[in-house]
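> Sequence:
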Amino acid sequence: MSSYPIIKLLHAQSTEAEIQRSVEVLNDAFQGDRFSAVLLGGDLSLSSLQLAANIRAAIIGGEVHVLSVGPAVEDIVGVAIWYPPGTSGFASEEERDAGWNQFLDVIPSSLKDWWLKYFIPKMQELSINSLGAGYQHNSWHLHIFGVAKAHHRKGYGKALFKYAEEKARATKSPMVLETTNDVDVRLSFPNDLRKANINPGDHIFKAGVHRPRGDDPPE
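Each residue of the sequence shown is one higher than the last, beginning at 1 in full-length UniProt numbering.
Hints are computed from structural coordinates only; laboratory data are not their basis.
A few of these clues could be false.
Stated by the list, open to error - For lysine-lysine, the following DSS-like pairs were computed, each having C-alpha atoms within a straight-line distance of at most 30 Å:
#1 Lys122 / Lys172
#2 Lys8 / Lys154
#3 Lys8 / Lys162
#4 Lys8 / Lys172
A quick note: this is a predicted structure, and the numbers were derived from the prediction, not measured.
Build out the structure end to end from the sequences listed, making use of the hints.
Take a look at the structure:
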């Protein structure tokens with residue numbers, strides 16, 4: 001018998017119910033988050049489509065870690081999307097066609113242009129200017145992370161992070177995130193915070209770096 005909570009990976013054989021529950025958890029975690037609204041052009045009805053696209057893409061090209069407090073699908077209460085060294089989000093047409101292209105097809109053209117011509121290039125610029133060319137690609141990159149609000153302050157976020165940290169330690173790789181929230185970096189990436197002057201929708205992004213103890217930086 002499993003001892004809960006447990007953390008597992010979503011994979012190609014994961015059920016649609018597991019994917020949709022993971023979307024629900026992230027929607028709940030980001031409820032009221034101003035930057036999430038910016039990403040959707042203020043139309044929160046697009047949130048599930050955008051989050052599902054990210055989850056489905058990461059099942060193909062990255063890793064989706066889910067934390068469950070019981071055996072039922074509804075017991076999934078935490079989700080973390082990571083890209084291991086050598087991978088990146090939506091890198092292949094297969095990943096993009098798992099939901100991202102469909103998201104771009106339904107959003108207003110002005111929002112699509114913002115994503116493709118401003119936000120994505122600016123995030124790439126942040127990575128290069130803050131960390132150096134290729135650093136993020138050679139790291140464990142935290143793409144999306146959230147715990148259902150009813151399960152905050154139970155250590156589940158830290159458990160999800162520690163799960164990925166063990167993987168980073170095994171590959172001797174640093175861990176990287178971008179965030180608009182200093183708290184995210186202080187909790188998970190305490191030993192480096194690098195700021196860049198990127199300001200979409202009045203949100204300043206920070207790039208955080210964490211190296212599991214005893215590991216060397218990538219070549």
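> The structure should be examined with respect to each hint, and the outcome stated for every one.
Tested hints:
no.: 1; hint: Lys122 / Lys172; verdict: 28 Å, holds
no.: 2; hint: Lys8 / Lys154; verdict: 18 Å, holds
no.: 3; hint: Lys8 / Lys162; verdict: 13 Å, holds
no.: 4; hint: Lys8 / Lys172; verdict: 21 Å, holds
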